[in-house]
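Colleague: Listed here are the chains, written in short residue letters.
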Amino acid sequence: MLVFSQSLISGLLIGGVYALIGIGLTIIFGVMRIINFAHGDIMMIGMYLTYNLFTLAGIDPFVSVAITIPIMFLFGALLQKVFINRVLNALPQNQILLTIGLGLIMSNTMMLIFTSDYQILTTSYSSSSFRLFHISISQPLAISFVITAGITALLYWFFMKTDTGQAIRATAQDRDAAQLMGINVKRMSIIAFGLGSSLAGTAGALISPTYYIFPQIGSTFTLKAFVITVLGGMGSILGATLGGILIGVAESMGAVYISSGWKDVVVFVLFLLVLVFKPSGLLGKSRA
Amino acid sequence: MAINTKENKAAGGSFITTGTVLSLLALLALASVPSVVSSPYTLHLMILLFLSTIMGQSWNLIGGYTGQYSVGHAAYFGAGAYTTMILLQHFQIAPWYGALAGMGVALVVGLVVGSICFRLRGPYFVLASIAVAEILRLSAMNLKEITNGAEGILATDLPPFSIGGTVITDFSTKVPFYYIGLGLVVLTVVVTVAVQHSKLGYYFQAIREDQDAAHSLGINLSLYKNLALGLSAVLTSLAGSFYAIYVGFVDPPTVLGLDISVQIVLICIIGGIGTIYGPVVGSLVLVPLSEGLRSNLIASAIFETGIVSESSPVGNFLKENLAHAHALIYGILVVVVILFMPDGVLGFAKKLVSKRKGGRA
Amino acid sequence: MKKRFVALGLALLMAAPVAAFGASVKIGVINSITGPEAPIGENLTNGIKMAQEDLKKKGVNVDLVWEDDTGKPQIAMSAMEKLATRDNVAGVVGPYTSACSNAVAKLAQRYKVPVLIPAAAKEEITRQGYMWVFRMNAPADVYASVLIDAALTAGKPKTIAFIYENTDFGTSTSQSAKAYAQKKGIAIVADESYSKGSPDYRSTLTKIKAKKPDLVFMVSYVADAILLMRQAHEIGLKPQAFLGGGAGFTTVQFAKEKQISNYVLSSTQWTEDVSWPGAHDFGKRYKAKFGKEPTYHAACAYESMMIMAETAAKNAGNREKTRAGLKAGKWNGIMGEVKFADYAGFTNQNNHQMLVEQIQNGVYETVYPKKWATRKLIYPFPGFK
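Residue numbers (the numbering used here), protein chains in the order written: chain H, 16 to 303; chain G, 102 to 462; chain W, 1400 to 1784.
All clues stand as given, with none of them false.
Cβ-to-Cβ under 10 Å is the rule here; a few derived chain H residues that face chain G: (1) 98; (2) 107; (3) 119; (4) 276; (5) 277.
The calculated DSSO-like cross-link candidates involving lysine-lysine, where the alpha carbons are at most 30 Å apart (straight line), are: (6) W:1770 with W:1683; (7) H:96 with G:452; (8) W:1611 with G:245; (9) G:245 with W:1557.
Please keep in mind that the hints were generated in silico from the structure rather than gathered at the bench. Owing to the predicted nature of the structure, the values given are computational and were not obtained by experimental measurement. Even glycine gets a Cβ: it sits at the ideal position worked out from N, Cα and C.
Given the sequences, and given the hints that come with them, work out the whole structure.
Modeller: Next comes the structure, spelled out in structure tokens:
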């Protein structure tokens, strides 16, 4: 029983970070219909940013999120303006390959700057935990979970209540119609990619105190992000939140009750099943 | 409906005669290489070039002609490689039979993938194809009894190839591999040409241009998509088997990894998708480039020309970093090709040529 | 057009110059400079660079030809083909990973080029009777046996749990560890593999904790070691000893995490405080030059290059004579006594004495075997601070 609840809790907490990665990808996909293969690499850049702010300027990772978010937003917006906007009407495989190429550039540039060494960010609380009914809860993960929840709520408000948010949603629903209605679609795309990138970067920042960093770390998370977004329904923010938490718990439970080796297979099988039987995802509206 | 008429005209018109003659000449030249060139390193690079061409050409059938962008071709590559190695190591079955078995396995995998993934379109199909390849990779990792898990399978020496008691080759040099590779390149090219000029090719391209229109014309989508995938899978598995016996070692990340799938797609995109020469051109760009950067040959060549002195700070920087940066340059190349040559290097070259011709006329 | 491309490619291949210094000897290096194995590969690179400097001081001018294998066997083959047939090197040091080493070993035998493998663990590499392939480090089975032996001399553990990454190194090391534990009568109560890079091992560790093992044996390549120990700390896993099989448990980064790494035992090919000649000095100079502590990979690569270059220089770059020189020679340097011997099915394998080190107050101390120990082994594990 203790093993069960322990895995449930740690799965939930990690799932929070996964959710952020997934939300970022889902926004980008929703607006641009582009699968961003560089998503994990963008997250990696956020990690390095956090790491350097901590080691060079001594800023605590949870505080430096306030710096990471705008920087990563600008970075993403720049990527969109310079690269992605040019291929919006290109063949889908070209879009995918463009993001793969951008990912390669990011990871290898970081490698040339920071070498391929593993960097570990150690804060005073990196391995602290507190106990709740005999279950140990990682302090940094708990903090990042709270921050994640806050960001998600803020995002929800942004998309529902603000004009820009609604314009982005309109663009996601029907690009051409949005254009006809006078929405600056290119600008919305830039905002969307910026948002997606800043979320990925934030996820990187939040996971840094309990994880490690190296230039090639991105691909693991890119794949994970795909699974999460499909599970939740491409383009659905709530869906991605749910998908992230679901994957976090599934991995954690799978490691205990199936085997650490096979748990990833389970995740991908689940992913295929959703794709085939409910391609719109668990919470997505079906799209023709 | 917008079937690519340019392509058809080119394939059916004058292109075929000059093209065929040129190809045969090139083939003749390639076939005589081992008798002229004795450097095993050069032969090795040629073999890598062939391998890359086979992989690209096989993907081209499903990705280029039929428009189904599989990013999971590592599944078939790995199926061929693993089947060949398992049969060779566990049952002492010669690799040429192993390769045949591998084709069978790849076909089965392909049909399973088809039955799942062809319900999906666009990005969903891409993601599904990745998922299937990942499942295969993870299974190979976990089915230790069969695949030896993460430790991989190491081949002891290959049995000599003999017909009727006479030993044709004992695989002690690179030459037999060279000819096997060349033979496979010819095979994939011939298959592609044959497909392109048959009704099959017409159906494939109709599906690529507009699935719904193709369907309304009475083309059985599921049948022809599966046919294209099956053909592509079988040929890709041959590339995998060839890789396995040539390198003599397989493990999950090197033959079933996502890198392989991406690499396969890149060959076609960089060369030019949906054309016979595309994968050839893609390989001719990618293989020498990555080898040249990796082994610092390009840096040495720059020093040789005297533009930069080896001892100067710039030279030192190049020498130190060019080899490290090969993956970076690779990435930049991909981005440049996609942004500025959306039809690949071949398409770009064609456009340049036609522009020049247009200017003259 | 196609022919023109081929011609261009061939021209490029032949364009590079072949440096011809008088007394220098040409040695090839194959290493994972980029790619997923690059973080560890960098240590080998540094070790070799230091060897090159030291060789110069000794009057041996080495012309190194660097080749990146990007961690892929077929690329390692390209590198070896090039070194053997185009660059005409006297010998090769590398590659780093087992998969690449295997591929290269085969070619070494074919082209008759002596290859000295500095740090690849897979046992089979030197078990195929290849006379041209030498290995500096002790193979995978020793990583496990030396640790379990150390634990058995210090206490009486009855049960053991395994958690290891599902890579070649992880599975083969824990495989031999399991066999060795059984031989010594220690019961295996948990056997968990993980894919490296996952951020959460808490559930697996909780499962292990429930089994109350006396020993927890972990194999991890890199920074996962820190994650595993952090999370073990979080959930309160407290066995009699944590055993770390090489790699990730032997890095300075790991030792610096005092809160979680204190008293962890790990097996290693080399330590800085071991009384092998020059080991301490090597560590000091390495730190001064690269700004970080050397790992055992660096030491293995350094010594491999020293031995290869000196032997090759002595034999004027003649491959056959260099091979014979390696086979017949005996050295005593930073890796202790080195001799490439044939034993227990191995060919040209240095029967290297692995060491067990324990982190005591953030510093690695050699604690086993007694002959080389600088501190007493602390057992059982006193708990996290």
